[in-house]
Amino acid sequence: MTKIRILAATVLLSSAVSPVGFAQHGLEGGTPMTFFVTSEPIGDGGNLGGLAGADAHCQRLAEAVGVGGRTWRAYLSTQARPGQPAINARDRIGTGPWYNFDGVMIARDVAHLHGDTLELARLGNNLTKQSGLTEKGQIVPGLNDYKHPRDGDWEYVKTTPYSNRHEILTGSRTDGRAFTEDLDYTCDNWTSNRDPSPGQAPTGLGASPDKPNVQIGFPDRNGGGDGSWNSSHGTRGCSQTSLVRTHGVGKLYCFAIN
Amino acid sequence: MKKTSLGILISALVSLTAFNTALTQDADNMPDSEDIPSSLMTFFVTSEPIGDGGNLGGLEGADAHCQALAAAVGAGDKAWRAYLSTQARPGQPAVNARDRIGTGPWYHSKARLSDYLGRRLNRPIIQSQIHGDTLIEAQRGSNLTKEFALTEHGELINGIGDPLPTRHDILTGSQTDGRAFTDDADHTCNNWTSNNEGTAQVGHSDRVGNGNISWNSSHATTGCSQNDLVSWGGVGLLYCFAID
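These protein sequences, in sequence, are chains B and X. Counting from -10, one number per residue, gives the positions in the first sequence under our numbering. Counting from 13, one number per residue, gives the positions in the second sequence under our numbering.
Simulated from the structure, these hints should not be mistaken for lab results. In this text, a Cβ means the ideal position worked out from N, Cα and C, and glycines have one as well. Any given hint could be a false lead.
Unchecked claim - Subject to a maximum C-alpha distance of 20 Å in a straight line, what follows is the list of computed SDA-like cross-link-like pairs (lysine to any residue):
#1 K136(B) - D198(X)
#2 K122(X) - N133(B)
#3 K136(B) - E167(X)
Claimed, not checked - Partial selection, computed: residues in chain X whose CB lies under 7 Å from chain B:
#4 A106
#5 V107
#6 Q151
#7 N224
#8 I255
Pulled out of the complex, with its shape left as it was, chain B reads as follows (with noise of 0.2 Å):
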């Protein structure tokens, strides 16, 4: 705890042009925590309960420490089904600017947070692996944290908490928009923890015919080649054992509507 408040401070210290100020969670006259990584997985794999059982869990952990009195959204698209239009993930989450535990700044706006011209986009918003927090103020786990054999095994991470669990669902692309194409990017919108079908031939980390998948980012921009927040890769499958083979728990980026 110690250690995450120095990083903290050290990271407003260094923001000097930064309109934030030293403001901390909690206290009187901070900024109000509007964004927050999910400390806890809902533990079934890409099966949420739809958007609802996702936005359910961000606003029961926001409860769990506090802050219940906002609308919480969780972060994830739903892709187009017969008389369903898909639903972006960056127009769920209202308009910005949020913030972290720390009162650290993630993003100004919708086009800041997602680089919606070059210049953003190149800059990059300001979630990293310091500022990625969760609803409790800790940092999640990433690349090269305490590298273990097993650090892809469930059995193994649902024990070891410091293990590398930095895959964030989404089943966005880097606009932060639903995929079009006609494969599975979210777990049929959240619904399924199925595994590609045994002997189905074996696929890598994108989407493929019939393959349950689902997109996802690092909090700590470090992986999948490219270290996007919200769009690197997809995953072996559904279930919550596929999840955690690629360094993922199934936990969900939060964010404050109002």
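Use these hints to put chain X onto chain B, whose structure you have.
Relative to the frame of chain B, chain X by itself:
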């Protein structure tokens, strides 16, 4: 500290091979010692600055610094260039950092060192991705990460959250696209000759600070003296690229 963790990493790998024969081949490809073959390195961050603030002796002085540090670790047979832009002056066209560094792809000093599962720790960096030449590349971001931006000795650069002093401000004098600034203001410590007046544009080797994650164009310094650079969280380190 770092040598210790590397040692642990290597011993972990060695012990793993006893359990998993599939990994044996990767283990065989591991260097026998902690010495990384310097012939594989085509990118590094200087372990030390020139030390006179923004006065690098121009581009030539900066290139010579890269070359000397590379030579000291046995990589002097390559032609090294500092990643720096200079601004247009009467009779002198601007020089863009991105046009000076060859075509890549570039590997850092541990490019061939696998992790304990035999996976390459890092992919090479390439021109279009580190500069975000298309919107999708820019949104995905560069893989020039803190772990990639190692010195010629293979050491990490202290950044935000590490023990002080922070050394993550790397001199570039460049815009995010790797090109020189086109306005009249100084962004290059007078084309890398000033150690007092002026400003230098810097990037963050750890991709943290100033509200963005730019490796090459995060903010400007105020002043060009060595102390001015230090006050902003840097010491005047440079990115060096091999062009051959």
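Name the hints, by number, that the structure is in violation of. 1, 4, 5, 8
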